[in-house]
Each structure stands twice: as C-alpha cells, then as structure tokens.
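S.K.: For the record, the sequence lines run as chains H and E. Using this note's numbering, you'd call the opening residue of the first sequence number 422 and step up by one each time. Using this note's numbering, you'd call the opening residue of the second sequence number 25 and step up by one each time.
Treat the hints as calculated values from the structure; they're not laboratory data. Hints may contain errors.
[As the list claims (entries may be wrong)] Now the in silico label distances, taken between C-beta atoms and shown as ranges: (1) D486(H) with S117(E): 28 to 34 Å; (2) R228(E) with Q471(H): 49 to 55 Å; (3) A448(H) with A60(E): 40 to 46 Å; (4) N226(E) with E614(H): 56 to 62 Å; (5) D486(H) with G186(E): 42 to 48 Å; (6) M214(E) with D473(H): 43 to 49 Å; (7) A469(H) with G186(E): 44 to 50 Å; (8) G474(H) with R83(E): 47 to 53 Å; (9) R228(E) with D473(H): 47 to 53 Å.
Glycine residues also receive a C-beta, built at the ideal position from the N, C-alpha and C atoms.
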Amino acid sequence: MKKTKNVAVITGAGSGIGKAVAQILAARGIIVCIADINFKAAEEVCAALQKDGHSAFAWQTDVTDSAAVAKTFLEIAQKAGPVSMLITSAGIPGHGAVSELSDPLWSRVLSVNLDGVFFCMREALKQMLPVRRGIIVNISSLCGMAGCASSPSYSAAKAGVIGLSKSVARRHTEDGIRINVVAPGVTDTPFVEPDRKMGKLAKGIEKIPMGRMGTAVEIAEVIAFLCSDSAAFMTGQVISPNGGQII
Amino acid sequence: MRNQVVLVTGGSRGLGAETCLAFAEAGAAVVLNYAANENAAGKVAKQIKRRGGKVLLVRADVSSETAVQSMIQKTAQHFGGLDILVNNAAVNSDYRVEDMNVEEWDRVIRVNLRGPFLCAKHAIPIMRKRGYGRIINLSSHGVRRGSVAHAHYAAAKLGIIGFTRCLAKELGKDGITVNAVAPGRIMTDMLASNLKNTDQENARRKEWLKETPLGRFGLPREVADAILFLASEKAAYITGQVIPVDGGLLMR
C-alpha cells in the first residue's frame, strides 16, 4: 500500500535551523521545499539533498510579500504536491531599545517575523484544511516567551507567533491540523552574528546552565520530533530547547 | 539506544510498562522497578524478553533510601551503568483536604516526591562518571488547574517540576539533562477500568473529550514516545523543561 507522501515547506531553509530541519526531514523521505529570500542558498541546500537522492525543491520567496507567498504555495502544490507540513524558520534579529527604535525598523522586524509566519500559515492552511491533514511548527524564541532586554521588537514578534499558533491550535486541531512552537534559546547560527559583533554573545552564554549555545541540529531535532507521529498527541505546545534557562 | 541502560520506576503497568517496552524496542537494557505487583511486572518482562530485549526486574519501594540504593547498585552491577532514569512510580487517592489523614498525605508525598529525589540522588554519581545522563520525571496535567480531592497528588506533581528545574541547573555542565513530562488524559488499563458505564461517568468522559482539542484520550505509547525523545541524544539541549503530552488540553 502506497504511503501518503509528505510535502514540507520550510521557510528560511537556506541556512541555520531551517537548513538543518530540511536535512533531517529529507532523510525521512519527506519532500522538502526550501523557500528562502536567498535563492542561491536555497539552491545549494537543495542540490546537496538531491545529490544524496532526496526529493528537494528550491524557491525564492520573500515572506513579507503576501502575494509572493501565495504564489510560492500554489507552485509548490503543482510541482511537489499539496503541502502537508510547514516549518517557519525565516526570521531576522531585531535589536534596539523601544525609546530609540524607528518606525521602519519596528515594522521590518514585525513584518518578517510575524506577518511572514501569518502569510505562510494562511496559504498552508488553505491546502491542509480541505484534506484535514497538516502539521505546522513555528519557530519562536525564548525572547518571545520571556522578553529580551536588547530586542523588544523581536520579542514582540516572537510572542505574537506563540499567540497566533495557539489560536490556530484551538481552532483547527479538530480539523486535523497539529501545530506547535519551538522556542530556542541561543543557537549557534549566522543569526547571532549581530550579537557576536556587539560583543554581547559570550556574556549571554555564561548565564546558560549548560554553558554553551545550542546547535542548529539540536533545535532541528526538536522540530523534527514535533513533525513526527511520535508527537501525535501534542498540539498547541511551546517547547523550548534552551540549555536550562528557566523562565 | 543500544548500549544504554534505563531504569523505569513503577514499570509494572500503565505508562511505566509501555515506557519499558518502548525502551526495550529501541535497544536499551531495561531495569523494571515495581513496588508490589510481581505478577504484572513479570508479564511485562516476559514480553520484553520474547521480543529479544534485555530486562532486569527489581522490586523496591522508591520511598526507601536503602531500597533505592540497593536497586541502583543492582542496576550498575547487572548492566554496567545507568544512563536514563524515568521517575514514573506514583500513587494517588481521592480525599478532600479536610477528610485526608496525615498518613495518606505523607504516603503520596513520599512515593511521588521523595521517591524521585532518592532515585535521582543515587543515579547522579553514576551518570556523572559517564558524563552523560537523562532524568525524566512524570508530572501531570492536573496540577495546572487543580483537581478536586487530589491536593496531595497535585502538590507532589507540581513539586516535581520545581525539583526538575533546580536539578537541571545543578547538572547543566555534567552532560545530564533533567526534564518533566506532563501527560494529559491517557487511556491506560487503570483508567479504562475506572470509567464505569454509568450515566455520570459517561457524561464525565464526554466533558473530558470536549476539553481536549484532539478529541480523544492519549495512548500510553504517545507518552512513552515523548519520554524516549527526551532520553535520546537528540534532545541534548532540552533541560529544565516540562513537556505536556495532552492533546492540547492545556496550552501555556
């Protein structure tokens, strides 16, 4: 009997956590669609996966552009099949104290980190709901759960992702959708370059009980677990791999 | 999980039994602890052996320090070490606070809170030597919103979360993670036999299912799967956390 295929859309999978998720899911036989604003990066990840015999496709997508997101999801449905999994890894940092934060910078951070998640979820749900089948994992942050002195705009957006995800869980779990959130602590990816440049990274790491950052793979494994049947009774949850930072 | 040794307390039935089976399936050597139900424990062990797994039965009251010390010694001698501890053994009863004897309060706190403490205390030196360990404590969904006639149980099951957080911080740099799993309403044999086919019980069952977004009871295997994930090397960066497995019953 043919097993129902799984088509996973992973935003921001050209690098970091998204890339690691793509690699783990592809190894499970899931068709991965890598949507990244950096097409070159998306293509490179895709090529490497195809070389290993996996099914992978690359798209150039700006998640802040709702029409572009809609177009991407339609093309994915045509090329790979109806979307059954969504992992939203696309994000940008958002440093800057509230009293000094400009309108454009605030909007930009909310646009990528929250609007982008909303647009992708909307398009994914359009394909998932009719077949009553779908798994979504959104990536928030410890900052979204507890606030973050250096990044209030980022924290606001990431907290928004949690509220959005729980709402969808409350509304659509009965429709066959299973949605959870992973809220990492500090992860060793290009994402923390700004912190590193500002010289803030080392001090932050000292405060972590494990004394180190998480790796992209460690965070990706949690996401992959939530995407699996082993997590079939988990929905609406926020899981935080953060090296022991209790908040 | 080949070459890994797991100790599951309260492994003779329910979640504990399913957890033992799951670990054995994954290739781990299982130490199945039970307090009294030798028959049931034996059946689970037989199942494990039939499927080609390794299992050691150890009878011990987890609230007794000497019994726990002896159990962990036996584990180390028999299997050469201890990598994973699942503090699952628990007792419960129904008493409103003003009707509850102090002996009953103590009994539930002893098994459900002191037991995990003792097991962790004596497991840690072995885990630290290997620079690797996993401690998984069973909490419960009921602690969040309170549950009538279970104040002793909830005190222990919420207390175990505080214990989990502190221990996680203590062991942060030792390669040992400490987490809690909070199951929702899981259909175990015990629950099935408790839910009699009366109008009141059926109405209660209906209410429970309405409260759970997934609209069903959980399977013991689904809780075991979460425990197995936390116990794996893949979950190395998760510590001090509470993982709910409750069909969306609580979303915090």
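S.K.: Confirm or reject each hint.
M.R.: A quick look at each hint next to the structure:
{"no.": "1", "hint": "D486(H) with S117(E): 28 to 34 Å", "in the structure": "59 Å, violated"}
{"no.": "2", "hint": "R228(E) with Q471(H): 49 to 55 Å", "in the structure": "54 Å, holds"}
{"no.": "3", "hint": "A448(H) with A60(E): 40 to 46 Å", "in the structure": "45 Å, holds"}
{"no.": "4", "hint": "N226(E) with E614(H): 56 to 62 Å", "in the structure": "59 Å, holds"}
{"no.": "5", "hint": "D486(H) with G186(E): 42 to 48 Å", "in the structure": "46 Å, holds"}
{"no.": "6", "hint": "M214(E) with D473(H): 43 to 49 Å", "in the structure": "46 Å, holds"}
{"no.": "7", "hint": "A469(H) with G186(E): 44 to 50 Å", "in the structure": "45 Å, holds"}
{"no.": "8", "hint": "G474(H) with R83(E): 47 to 53 Å", "in the structure": "51 Å, holds"}
{"no.": "9", "hint": "R228(E) with D473(H): 47 to 53 Å", "in the structure": "52 Å, holds"}
Checked against the numbered hints above, the structure breaks only hint 1 and satisfies the rest.
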